[in-house]
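Number of protein chains: 4
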Amino acid sequence: MKANFRSDNETPVAPEIWAALEQANQGTAFAYAEDPWSAQLDQAFSELFETGTRVLPLATGTVANSIALACVTPPWGSVFCHRGAHIVSDESGAPEFFGNGLRLVPVDGPTGKLEPTALGRAIGQSQGHGIHSYAPATLSLTQSTESGTVYTLEELDALYAVALDRGMATHLDGARFANALVSLGASPADASWRRGAQMLSFGASKNGCMAAEALLFFGHPERLETAERHRKRSGHLLSKMRYVSAQLLAYIEDGLWLRLAAHANRQAAAFAEAVETHPEARLESPVQANEVFVRWTAPALEALAEKGIGFHFWPGQENLARFVFGHSTTDDDTRALIDAIRH
Amino acid sequence: MKANFRSDNETPVAPEIWAALEQANQGTAFAYAEDPWSAQLDQAFSELFETGTRVLPLATGTVANSIALACVTPPWGSVFCHRGAHIVSDESGAPEFFGNGLRLVPVDGPTGKLEPTALGRAIGQSQGHGIHSYAPATLSLTQSTESGTVYTLEELDALYAVALDRGMATHLDGARFANALVSLGASPADASWRRGAQMLSFGASKNGCMAAEALLFFGHPERLETAERHRKRSGHLLSKMRYVSAQLLAYIEDGLWLRLAAHANRQAAAFAEAVETHPEARLESPVQANEVFVRWTAPALEALAEKGIGFHFWPGQENLARFVFGHSTTDDDTRALIDAIRH
Amino acid sequence: MKANFRSDNETPVAPEIWAALEQANQGTAFAYAEDPWSAQLDQAFSELFETGTRVLPLATGTVANSIALACVTPPWGSVFCHRGAHIVSDESGAPEFFGNGLRLVPVDGPTGKLEPTALGRAIGQSQGHGIHSYAPATLSLTQSTESGTVYTLEELDALYAVALDRGMATHLDGARFANALVSLGASPADASWRRGAQMLSFGASKNGCMAAEALLFFGHPERLETAERHRKRSGHLLSKMRYVSAQLLAYIEDGLWLRLAAHANRQAAAFAEAVETHPEARLESPVQANEVFVRWTAPALEALAEKGIGFHFWPGQENLARFVFGHSTTDDDTRALIDAIRH
Amino acid sequence: MKANFRSDNETPVAPEIWAALEQANQGTAFAYAEDPWSAQLDQAFSELFETGTRVLPLATGTVANSIALACVTPPWGSVFCHRGAHIVSDESGAPEFFGNGLRLVPVDGPTGKLEPTALGRAIGQSQGHGIHSYAPATLSLTQSTESGTVYTLEELDALYAVALDRGMATHLDGARFANALVSLGASPADASWRRGAQMLSFGASKNGCMAAEALLFFGHPERLETAERHRKRSGHLLSKMRYVSAQLLAYIEDGLWLRLAAHANRQAAAFAEAVETHPEARLESPVQANEVFVRWTAPALEALAEKGIGFHFWPGQENLARFVFGHSTTDDDTRALIDAIRH
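In order, the protein sequence lines correspond to chains A, B, C and D.
In terms of my numbering, the first sequence opens at residue 2 and continues consecutively.
In terms of my numbering, the second sequence opens at residue 2 and continues consecutively.
In terms of my numbering, the third sequence opens at residue 2 and continues consecutively.
In terms of my numbering, the fourth sequence opens at residue 2 and continues consecutively.
Please keep in mind that the hints were generated in silico from the structure rather than gathered at the bench.
Please read all numbers here as calculations on a predicted model, not as lab measurements.
Glycine included, every Cβ here is placed at the ideal spot set by N, Cα and C.
Check each hint, because a few of them may be wrong.
[To be verified] The calculated label-pair distances, taken between Cβ atoms and stated as ranges, are:
1) C:E223 to A:P111: 53 to 61 Å
2) C:P222 to D:D158: 55 to 63 Å
3) B:E281 to C:G28: 24 to 32 Å
4) C:E223 to B:I339: 43 to 51 Å
5) D:S47 to A:G220: 50 to 58 Å
6) C:E281 to B:T52: 52 to 60 Å
7) B:Q27 to C:H279: 28 to 36 Å
8) B:D43 to C:E281: 25 to 33 Å
9) A:Q318 to C:G53: 57 to 65 Å
10) A:G220 to C:G317: 51 to 59 Å
11) B:H130 to A:K3: 48 to 56 Å
12) D:H313 to C:G168: 54 to 62 Å
13) A:R167 to B:G28: 53 to 61 Å
[To be verified] Calculated from the model, a selection of chain B residues having no Cβ within reach of chain A, i.e. all distances over 10 Å:
14) E51
15) V108
16) T112
17) G125
18) G129
19) E156
20) S188
21) A190
22) R283
23) P300
24) D340
Using the sequences plus the hints, can you model the full thing?
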């Protein structure tokens, strides 16, 4: 393949993460997250987020999201999210499984973002039949969004306020949190718990790790205990957890995660610029992180694919394509893509 | 109260059903649905529906719907239904509970009815992400609908065909099946399995019984075995099931159920006529069964309530009211209502 | 059949209960347990039990037990009970279903009773592997037991203390609570919450009702809210709940329930006496309530059955038979039985 | 620590596996198990097992076991296993979670092994109450057992026959399958499907991998489809699955897995010999794989721990200790242990 923009899930492991894995691979270590690497997570993330943070290391984003929701949502509770959210569109019922039948309520909003008014209305309408209705329990936002956009801090404030004012719990799906942070130029704390997020699915796999995600709890320490039970019971308490935790520690050390994300965002921006000046292709949403959605003619997209450019035809829409830029995308890759759409 | 139109769930037991209960209350009888009354159900319903029918007697409509869906939908399967359907709006997650996290996909449609094109589109869009999406498994229609309308036989044909063509299972929520049947003037068979319904939640509680519903299986006898397991495991295998089965037998004997429903429908029609000639109030949907939805001003509706007329303010809409007519609604009741809206 | 001792589940409805049902069958009443009968339950049971009691009316004992356990046991929690308990032997996984995979831990004990030492040991052994083990959460006792015996008040004290000392929740399965109470000569309060029971499945169906059980909560009022959600979500919120609540009110009025149980116990005692003086048949356990377990030769039991006496061959044991005496068992019935075993 | 025998879960990654991981870490690769490494699994394992084998790569043994059981056991079905089995003692309800409330039935047997007669009796006793009982669905054996013993091929034949004759499904928990195979000197096929096992949790993490297990299906290809749904829905479909599959391929290449296991078994045997000649310490079970259970006085075991020898005090038994030998255990480690128990 000339260059591959199908997904940041397809990238290899970054060298710094690899080195950390090698270092962790010395001698024996306590199993089941009782190893020295796992023991450092709470402190390392508490420093990074400037507040007491409890960390649950995990191997996938789906389980991070699902455990987060199950910790705060009863089976008769509903979770509000954008219609395009990963939890509703791409996890084949994992939240419903972990949450024993909880309900996800998808809400529409432009460019992948929820809006406070629509959110409030959806919450209100969902509970009209008392005990015959689900009880609104949780708000889950995605940052950066599934459309490649990034909520501003003010937008986060307003949305989380809608939930918190109603006594609901709050979650942030940060599968691409690093990309959003770079885009915002904000601190981890400013972009998460200071906005109202109580739990954060802190993604790392897409941005340089092999298989490592951290579910973070800001406050409510009893939730971690519940989360640990869910992790064990779903088969996610890896015996050799040291390898996951070592990835996470290396990922946040000295800002590696932000450097990797910044690189990816820059590649996306370069491509976005090329699309903007293209005579036919159009950006579907503002490009604010590492994903670029392009609306073009179906034949043009087909031709691009035939040139050996890897990307994702968006399901159900033959003239919409997604290009994702990762930590391992090279300048040459991006240039090849830009050349390919120009000619 | 002057007259009560809040819900047919509030009606008492019809005299004929009461007599059957009394008759069943003689001496001892085998427990757990092994009694002589339960033993007659399959034959009685097979005759009524002109085809081999397996019957699961139950005490509520919610459990009938939930078991039906759980019998044919895997946990990673989705059930398509109208946005206003009882299963999605009024059962607080019972289908998700019995179905271990299955997903209900609400689809919009005017006057409480699904339309084939919109249904097909919704099914298509739901499965774009392969194993990351739920698998379309089941179509559930409601007859009469939650808006008091009735699908024509042709509409049922077209909708069930959408599902059957895709290998999906089919269910009919007939909480008010009797009312629909009277309205259609069709036979039970013509209005159910001949249209493509494989399972029918055959409602009786609203229309004269104390607590009796039958989940009917047309074909696929292995589903009954699964259904029996679900019934036991959810605590719905009543020890003294004879009382439920005796109600069901009396309900369908000599067309009692249709006479009761016809009475209710007539009352509704009389009121609908009065609304149609009213200077301000408006029917929200065509009145085809025993429910009448009236759009009027909020103060007018408030005033009506203050006169001692019982009805239901529709959740979230202060100027929409629902009036339900039952087997026990008297001509006097309906006349009192008509008088009340006129003055 | 000459006389039927298969199960008290096979008895008809007692006349006083029937009268109450008839009385409830007047006009319309609010649905979904908002009716006047249901509204009286909390007060009526609070008086009966001499303490603030919250009441959840239900149609079966299995759902009462299952909701009770699910209210206090997390999915990773275990429930300790006697190996013969109904919840573990006869509910086909209903507790596991409502409790989303909770685990029942059966403990052995003579004559159907748990013993404190064995219970404590079982709890201790169950949790040796920390997060890899289930967490001991609940103790469920059955009174009268599945062997027809009755725990003394001192035995209840000692057993519940084992649980409460470890911070566990406590439940009493009182499917035959009336029979136990008559046997003990104790007050409802003395035989339940004063011993440490926090929840009581208060059985009524077996002892004169049609389908009526009450799940009682002593203290911990927040559990009722959870219980109501479980009831709705499992399809057990009957629309015409008035008929269940009316049964319950009549059942406890003026001591009817105790008179009915006393009658049944007396019949059982008369038969037990006959067995004790029998040359071959033997009582398997002391007869302290309304069930009599008789060990005899298989041919003798077969012969008894052939004489038209209804009873239950105990599963897996061809020479053990169970005889149950109910509120509707007549002196003639019992005499016929006694005659039949003598000749 | 002088030497660590706590668990093979604490060992690092074997060099050959590491090399394979490095090789897999080149460029981009399709996500979600659509990569070239995952694509080779079916063929590689089919050759190894001399029959058509479908492979589900996974990260933990708990999820492998849980998915296997959930694929063949309905929520109302029971799984029979040894009382000491990992699924019942160490997975905190994961099988119950994946199986939506299925029930595990622990059966006793000496030296960690089930016996056909006891198994048959347990199955028979479990189903005496018809629909009120769980339905026997599955037999799960563990090889090598949790007591460090190994079933002979004849024992496997007899046990699986008990299940298969009753139409039950069969599973083998092979967390330490390699150690058992080396001990038996049998081929993978002879020790699994030729004995009657339909599914095998093929462990690799304990024996040299980082986090890699394979759930193998022999026959019944439709089960793999179900298994894939369970994997996705439980958050176990790793985006970068190539790293798991690459481990598995390297693990079985050129017999690496058997060499690693043979090494561990030899170390265990050397220690077992030393225990056998010890004046006080005693082997609890025959040592046939890589685990050694030693019964000794509590003070002696305490003293051993104080010398810096790592091992596991068996829960609930202060005079029983477990020593596990792994692929990375050195001759020096074992010698240090032997010296320590001698002096």
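Verification of the supplied hints:
no., hint, verdict
1, C:E223 to A:P111: 53 to 61 Å, "41 Å, violated"
2, C:P222 to D:D158: 55 to 63 Å, "58 Å, holds"
3, B:E281 to C:G28: 24 to 32 Å, "31 Å, holds"
4, C:E223 to B:I339: 43 to 51 Å, "46 Å, holds"
5, D:S47 to A:G220: 50 to 58 Å, "51 Å, holds"
6, C:E281 to B:T52: 52 to 60 Å, "54 Å, holds"
7, B:Q27 to C:H279: 28 to 36 Å, "32 Å, holds"
8, B:D43 to C:E281: 25 to 33 Å, "43 Å, violated"
9, A:Q318 to C:G53: 57 to 65 Å, "60 Å, holds"
10, A:G220 to C:G317: 51 to 59 Å, "54 Å, holds"
11, B:H130 to A:K3: 48 to 56 Å, "25 Å, violated"
12, D:H313 to C:G168: 54 to 62 Å, "27 Å, violated"
13, A:R167 to B:G28: 53 to 61 Å, "56 Å, holds"
14, E51, "35 Å, holds"
15, V108, "13 Å, holds"
16, T112, "19 Å, holds"
17, G125, "7 Å, violated"
18, G129, "3 Å, violated"
19, E156, "26 Å, holds"
20, S188, "33 Å, holds"
21, A190, "32 Å, holds"
22, R283, "21 Å, holds"
23, P300, "21 Å, holds"
24, D340, "30 Å, holds"
Going through the hint list in order, the structure does not satisfy hints 1, 8, 11, 12, 17, 18.
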